[in-house]
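Engineer: Chains as they are written, first to last, in the working numbering: chain L, 1 to 296; chain P, 297 to 544.
Please note that a few of the clues may not be correct.
Pair by pair, the computed Cβ-Cβ distance ranges are [said to hold, decoys possible]: (1) D214(L) to T527(P): 58 to 68 Å; (2) G132(L) to M487(P): 37 to 47 Å; (3) L403(P) to S64(L): 41 to 51 Å; (4) R12(L) to F535(P): 30 to 40 Å.
Mimicking PhoX-like on lysine-lysine, the simulated pairs with C-alpha atoms at most 20 Å apart in a straight line are [as the list claims (entries may be wrong)]: (5) K146(L) to K310(P); (6) K382(P) to K131(L); (7) K125(L) to K382(P).
Bear in mind the hints are in silico, worked out from the structure with no lab data behind them. All C-beta atoms in this analysis are idealised placements derived from N, C-alpha and C, irrespective of residue type, glycine included.
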Amino acid sequence: MKLVECDNLTKRIYGNNALDGITFTLHENKITGLIGRNGAGKTTLMKILAGYWRETSGTVKVFSERPFQNLIVSANAIYVDDQMTFHQSLTLGDILEEAERFYPNWDKGLAERLFDYFSFHPKSKHDALSKGRKSTFNMIIGLASKCKLTLFDEPTTGMDASVRKDFYRALLKDYLAHPRSIIISSHHLEEIEDVLEEIILIDEGKVFLYQSMDELKEYAQGISGKTDILKPLLDDVEVIYKTEIGAGNTYAVVRANSPVIEQARQYGMAIGPVAPNDLCIYLTAKHKGGIDDVFK
Amino acid sequence: MSLNRVNASDIVKKQFQYKLKAYVGVFTSLVVVQIIALIFSYGGTGGGFSSSNGIDVRYQTYTVDNVIVLTSLWALIHAIILTTKKDWQHAFPFVGNSWTNNLSNILLLLFASIIAAVLTVLSAFAIRVIIFHFVNEDLFRSYTFFLTAENILSGWYVLTFHFFFICAIGYFLGTVSRIHPMLPILVPVIMIGLLIVFEQIHQGFMIEIATFYYEETNPALFFVKMVTTSTILFAVSVFISNRTEVRT
């Protein structure tokens, strides 16, 4: 079943196209990473999918329904971010009780076990939690609600390294036990790449790349070698990223099927895979040389 | 995993229960407001002095007008608060949409109005007890000192719709103010300005409005006037807010 369908989806916010003709289809029961730089449109896309924001033009369907203000989407999808707020009068215990009443698939056992594991106190107030603790608590709600579509927007904001690790592990274990569709947005692709099955890379409101994780890992190769030899080779081919390292050495990233790789190999240059996180940064860089260009 | 079907009335019910718990402050503030109003009423709300044939009469009337005025203010403020961006967002961590959120808000305001009316009627007893025990004068009790069942019921009936009407005004003003960031300042200015202008064009305009609603002696007609106006105000509010986005 098609879970999410976007066709030429556009969202204007204060005159800017936050989303600019997004088209993709998402199938059920996968963990998808939504990757992009700040302001690429990740949050906008997720809020539209969750039914909070209205699309400006194009079509968007979640569970074959238009999501904006849709009760079925609201009951079967949950959006978790660090802006989640609750009434000051409710304690953490109250919030879990209320969530249980609202979400039909609520997993009370899991919620309680996670609640205890992260040593929350049922009488604490959500407002009084620190940033990282808030994210941790919100994550419990996101996981225990067991919605058909779970949207995590930068779920690890403020969490320390060990809680992050626990979170990804909990996510994976829970997903294996109860397969469902999960979309996670993050800046830290290196942290979540082991969890993800596929990624959507968006940039400037457009889908730049939509691939499985395995495909992404083989998308490009990095070459490093002497600048005087490597530079002429790169002249006529598509270069994803190029930078000078040290004196007279250049590191370049090219598509995996590029003829340059074979030539470089003959020159005895070092050729290796590119980490998906780095690749995404290179792909969406505004300038080929990165921040170095500013200081030239 | 199959889709969970939900129906709106079920969600409205759940949201209403959720709000009863979350907005417990509405009811505690009601109690505080009424106590303050009773203290204000202790000094009497009116009085006078007359003298004829060498007999001086000084009289003091005690009413719960203060309680009604302050509770109306309480109703207005809470209705506005319900529509603020912050509270609107609070309503959305769980299942719901603008429609169910509006309906459950209106239910909450209706419920609060009923309770406020009950407490206001009871405050009429409280003021009598307080005066009887603590005012150091011999009381001349007029026939209104004794409340009849009819007094109590009609008081409760009128006050319930009165508070609900005030809530509808607050909810409407709050919702309109959310359309544009400048409106929270402009709306009160325009409202007060309009009232002044109408009063200048047509003397006694405000009194006529008050008379239209509050001098109505037929209970059925009073109901129709109050409920129709409240419904229109709420309907416009719902229409406006169903079009706005939630959660920033």
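Engineer: Within 41 to 51 Å: is that where the Cβ-Cβ distance between L403(P) and S64(L) falls?
Structural biologist: With Cβ atoms ~31 Å apart, the hint is violated.
Engineer: Is the hinted pair K125(L) and K382(P) satisfied, with a Cα-Cα distance of at most 20 Å?
Structural biologist: At roughly 17 Å apart (the allowed maximum being 20 Å), K382(P) and K125(L) satisfy the hint.
Engineer: Taking 37 to 47 Å as the stated bounds, is the beta-carbon spacing between G132(L) and M487(P) within them?
Structural biologist: Given about 45 Å between the Cβ atoms, the range holds.
Engineer: Range first: 30 to 40 Å. Now tell me if the beta carbons of R12(L) and F535(P) are that far apart.
Structural biologist: 23 Å Cβ-Cβ, so the 30 to 40 Å window is violated.
Engineer: Are the Cα positions of K146(L) and K310(P) separated by 20 Å at most?
Structural biologist: Cα-Cα ~19 Å, so holds.
Engineer: That 58 to 68 Å hint for D214(L) and T527(P) (C-beta), does it hold up?
Structural biologist: With Cβ atoms ~59 Å apart, the hint holds.
Engineer: Sort out whether K131(L) lies within 20 Å of K382(P), counting only the CA atoms.
Structural biologist: holds (19 Å)
Hint check: violations occur at hints 3, 4; the rest are consistent with the structure.
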